[in-house]
Each structure stands twice: as C-alpha cells, then as structure tokens.
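Colleague: Chain order of the listed sequences is A and B. Whatever position you read off the first sequence (first residue = 1), add 118 for my numbering. Whatever position you read off the second sequence (first residue = 1), add 118 for my numbering.
Hint data in this document are derived by calculation from the structure and do not stem from the laboratory. Don't take each hint at face value.
[Said to hold, decoys possible] To be clear about the criterion: a stretch of chain A counts as covered by chain B if any three or more of its residues have a C-beta under 8 Å from a C-beta of chain B, and this derived list gives those stretches:
no., segment
1, 149–163
2, 168–176
3, 190–202
4, 260–266
5, 318–331
6, 479–488
Even for Gly, the Cβ is constructed at its ideal location relative to N, Cα and C.
Number of protein chains: 2
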Amino acid sequence: MIKIYKKAVLPKRFMASAVASGIKKTGKLDLALFYSLGLAKAACKFTANKIQAAPIKLNKRYLKSNKYFQAIIANSGNANCFNGRFGLSDAQETTRELARNLNINKQAILVASTGIIGRRLPLLKIKQAIPQLVKNMSREGIRQAKRAIMTTDTFSKEITLKFKIRNKIVTICAIAKGSGMIAPHMATMLCFIFTDASITQGALNKALKIAVDKSFNCITVDGCMSTNDSVILLANGASGNNTVDTNKYFSLFRGALSRTCLELAKMIVKDGEGASKFIQIKVGKAKSFSEAKRIALSIANSNLFKTAIYGEDPNFGRVVAAVGASGIDVREKDLKVKVSPLNKKEINVDVSINRGNASAIVYTSDLTPEYIKINAKYN
Amino acid sequence: MIKIYKKAVLPKRFMASAVASGIKKTGKLDLALFYSLGLAKAACKFTANKIQAAPIKLNKRYLKSNKYFQAIIANSGNANCFNGRFGLSDAQETTRELARNLNINKQAILVASTGIIGRRLPLLKIKQAIPQLVKNMSREGIRQAKRAIMTTDTFSKEITLKFKIRNKIVTICAIAKGSGMIAPHMATMLCFIFTDASITQGALNKALKIAVDKSFNCITVDGCMSTNDSVILLANGASGNNTVDTNKYFSLFRGALSRTCLELAKMIVKDGEGASKFIQIKVGKAKSFSEAKRIALSIANSNLFKTAIYGEDPNFGRVVAAVGASGIDVREKDLKVKVSPLNKKEINVDVSINRGNASAIVYTSDLTPEYIKINAKYN
C-alpha cells in the first residue's frame, strides 16, 4: 500500500532552506539548499545534451571520486553554462564555501543551476548568501526551497510517497521545476528526490534509471533539450528498513520511485510554457518500447499537431504525417489513430501500428500563442 | 552567363492551364495542368515520410514502367492521402480521364496533390473539370497554374533561368508552393520544373539530386515532414542544344538547376506560415556536410531559438543548447556562435565548431503567434 501526498514532506533526517541571493533581479527566492543529517547515497541522471552546464560537469567529477553525499545546492536565474573558463571554478567555489559553512567535505555536495545560458554566475552574491542559507535550514524549509528552483513555472511540482518495507515506514519526497526546453533525455528540468530508505547503490541506480526512462524521458513540451537537466536522488537510510537490494524489496521501492517520477513528469507537462491542454499519446502494437516511443515523440513534437490540439481542430492527418515522419516503417493499412474529444483539458491520442506487442506513453502539451509570448522575451 | 527572371516563363513547347474545379470550397483555382507538346524525360524527388500520399505511389509506379512523360496534373485542397483504398484508384482514374482528353498514354502523366489529409478526393469534380483544363492550355496558362497549386501561400513562388549551351538558349522554369509542414526531405511542398534542355536521363537525375539536397532538403519552417512532397522535373529537349550528359555541359546545367531550386526554397521559407523573419544558419568547420547540416537543422527546428528571433531577444544560449542537442560531439571551447542584429528582416546565424572543413547552410523562419493562428484552424 503506497500512500500519496500532493505536498513535499521531507523524509527522516532531511532539511532544506532557501534565500533570495540576488541572482534573480526580481528579488524572488533563487538559492536552495537540501541537506541530509547523515551520509546519503546518491543516484543521478543528467541531460544527454553534448553541451553540459558546469554544475553537471562538477557533479560527475564528485560522483566519481566520492561515495557519500550530504547536500545539494541549487540556484535559479542563471544556468552557469557556456560562460567560459569561470563556470566550473564558480561551481566548485560554491561547494567549497558551503562545505566550510556546513563543516563537511566539499565533494559531498552536489550542485544544480537553471536559468539563462552564457552569463557568469554571480559568485559573490551566492557566497554572501550561504551563511543565511545554512542558518535557515529546517524540516519545513522545503516549502521555500521548492519555490527557489522555479523559473517560468506557474506552480511548484511536489509529491510525497509513504510505504512500508516490512514494518518500517519509508518516505520518498520529490520536487521538480519545468517548464520550457522540455524534451526527452530531460529538459530545463531539475528534480530532487529524497528518501530515507536504506538501499544498496546498485538498487538505487537501477531503480532511478527505470523510473526516469518512463517518466522524465517520456515528456516533451517543445522538443528542446536543455544543457542543465538533472535528477538527483539522495537516500540516507534513516528509516531503518531492511536494506533494499536488486532482489529484496526492489520491485516495491522501484514502483514507488517510478510513480514519484511519473507524477512529477506529468505536472511538468501540465505546467508547460503556455500550455492549455495536457496530451497523452499512446502508441501500441509496436515491435519495441523504443520504436513506440519514437513514434509517440514524433507526434508530440509536431508543431502542426500541437497547434491543431490548441485550436481544437480534429486534423488527424497531422498525426498520420508525424507517424510517417518518425522513420518507422508503418504500413498505412496497419495504422489506426484515435483522438478523444478536443474540447476537453486532457486529450488522449491512441495510435496502433500492428507490428508487435510493445507500447509507450508520452506526455506533452499544446503549442499556444502564450508559449511564444513567454519565450520571445526571456531574461 | 545565366539570366534570372523572377517570373515563370515556360520553356519551348510547354503549356499550362488551371481551373477552379470545386475541390476548394472557396471557389479558388485548385486544379493545374502542365503539358509538354513533345515527349519529355522526368526526374523526381518525393518525401521521405513513410506514409506517402496516393499520387506519390502512382508516380513511382509510372516512373518504373515508363520512360517518357508529357503531363503533370496537380490539385490543391486535398492531399489524397490516408483515405483508404480509394486513394490510389482515384489518382489513377484522374490520369485515365486526362489521358483520354489529351489523347496520350495515362502512364505519361504524373500527379501531385496538396491539402488536407484523410479525405477522399472529389473525383467527379476533377473529371468534370478536365475537359476545360485541356481546352484552356496555353503558354500563358502558367500564370493561373502557379496559383492553382497554392494552399496557405501568400505569394506564388516562380523563377526562370536562361543560359546558353553552345549557341542554343536553354530555359529552366520552375514554380513551387509551401508553406507549412516544411522540413528537410521536403515539405508540403510541390515544385514543378520545366526545361527545354536536351539531356540524358542519368545527367537529369544526378543534377536534380544535387540541387534538391542543398535547397529543398536544407529548409525547414516547422520541422514537420509532409506526406505529399514532390519535386517533378520535365525535360523535353526542345531547345535543340547539344545534349547534356554527366560529363559534357553538366556543371553548367547542374549549376542552373541548383540555383533554380535554391531560389525557390528560399522563397518558400520567406513565405513560411506566419514567418516575420528569414533566417540563414551556417555551420562551418564541421567534419562533413551532413554533420554541419544536422547541427544547423537542430538550431533551425528549435522552437525556443525561433521564438527568440521573433522576439528579437539575443538569447544565444538557445543556439548553444540546440547545437548540443544535435548529438554531435562539439567541444564547448571549440564552439563559436555569431548572430547578426535581430532588428532586421533577415538574420544570419554563424556557427563554427572547429572539427573540420565542411559546412552547410540551412534556411528557416521564426515562430510567431501567426503560425499558431494559421494552424489552429485548417480545413
């Protein structure tokens, strides 16, 4: 039995905080800290974009040289990406300063940034804000922290799952931000997941991979892949459950984690920039999951399809054209397309291609004048 | 010396005509005929979409079984695609009826359709209009014919080139229609090219392939690939020039044909649905043309890039993200991006990746609220 709460409630021995450090000129919260009182294992997934932001490069380094982690520091308003030789050292200096304040090893800190690409991180502002950030830490700090990672998001994405492993209650809590540049292999998307489960590193990695593949890697808002996408999962073992490994209790933990990621992924799509409709595209009777997903994404990323949904114009020819454009050899007589009534907020597109037994579901939003308005000016 | 005229003037022994057959409910011209008084060789390029419209299937059949052609019949308002078992027989019946009226073999007729997908072609209307279409044929008929193939186009795309092979004047004349669903491997794009050059079949095929690769296959309006794209080239040899083969006079003919296609391709982009700006994206210092093109297309199809250009917002981070999203292993320190001033109608994006000596140029338009308005309702 998994209990699901639509609010972020941190698992045992996690804390969080946020401040307005001045990275965002609006004076809004822009710097968040997540902290585990004990050492935690980490599992991460980063963007497949070949140009990667400095925080991702630094995380990969730390993940290689270190096994246990205690904190994540994340900022919004600046992507710390493609800004020359300072990017990496600025990220590193951030962890150094935070480590000093937390009295931990700097390599036990993971970093994340989201915002505009190509500008130097205002390092001084961040360093000046860190003492306050550390001082503010509390169990309730997640309420501010979830807002501090937002950019064009109109609502916070958060969820908490509770379930039992033998007689111990395990909690998974996650927050995320969207909401443009959302495409498979992630997006300008940050997601932080915290659990007090006791779990082996192998099981943690495997569960996260499975969960991300069918959630964050199955959503697209605009087909644009970001340089900063990160999913960071910390597991501190504080619940004292029998340890999950790849055999024992794995399907239970994996199921809960997958559900966590899928719910957040759907929230990201629902808050897609300018989105007026939530669209679920299912491709069935495919030879493989990846074939089904490729077709579903070809539809989901078709501007013509997305504008037709916005206009409530049942132009199913655009679905057909997108299926054919995917490059998969679908025979015309085997192709079946069903679209639910378009005057609703949630639209279901069902495609069947009579090639096998696999299927995939992809989530997307419509393309609206509001998307263009949001993105024509962005600073 | 090639002379270029911005108007369609048919080469020797070609005629054309158009009628309003009633396929379009607006009463506008919707059926066009192009006719060569003598037998002509044909070279064609069709969409790479796996779902292909009936006219394309029929053309492929006729091109296999037949060597010489005399006519093209094209309609707008209905794509004759994904409409079940009638599609192919309707296309065939159209050629049969036209063949009867022209007193030629039906297999000497090529067909093209553009418009909405999934509806049956109004065959009776077409058959009833064919006698008038044949009766109307004239050298000046191209003026109506070029309008009869238009859908959402706001202006006709036409060009004529004249050049000499030895002492004979050779003419290439071409018309095209865009203007949404425009992506590499062509678009809802029809292009008909007529030349009175005498040329071998091998040289004709080769010249068209080269011309299309760097023109119609290098443009994108919305990244959507159509089911109906067709480039059909007829060469009737009426100019009496020394025959072009793959050695003799080839570069001259190829150059003129490439120029023809490139000029039309640019016009299609300039008339892209809702376009307010014309964008040229050059990727240089790549390992190969295809690598350069892949990166250029990744930029050209990025909705975030296209909206930034529309908003005149110099957000070059979106170019960087799109380069990385292409999957090509560009090193950050090797990547240079230059964007010309955004307050102009024509924008140049220059990307250099320091991997080799190849380059590619891709043309696209911006993404505007008007694109969404046009495509939210389309019948």
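Colleague: Hint by hint, note whether the structure agrees.
Modeller: To see whether the hints hold, each was checked on the structure:
1. 149–163: Violated - the segment 149–163 of chain A has 0 residues with a Cβ nearer than 8 Å to chain B, which falls short of three.
2. 168–176: holds (count 3)
3. 190–202: Held - the segment 190–202 of chain A has 3 residues with a Cβ nearer than 8 Å to chain B, which meets the minimum of three.
4. 260–266: violated (count 0)
5. 318–331: violated (count 0)
6. 479–488: holds (count 3)
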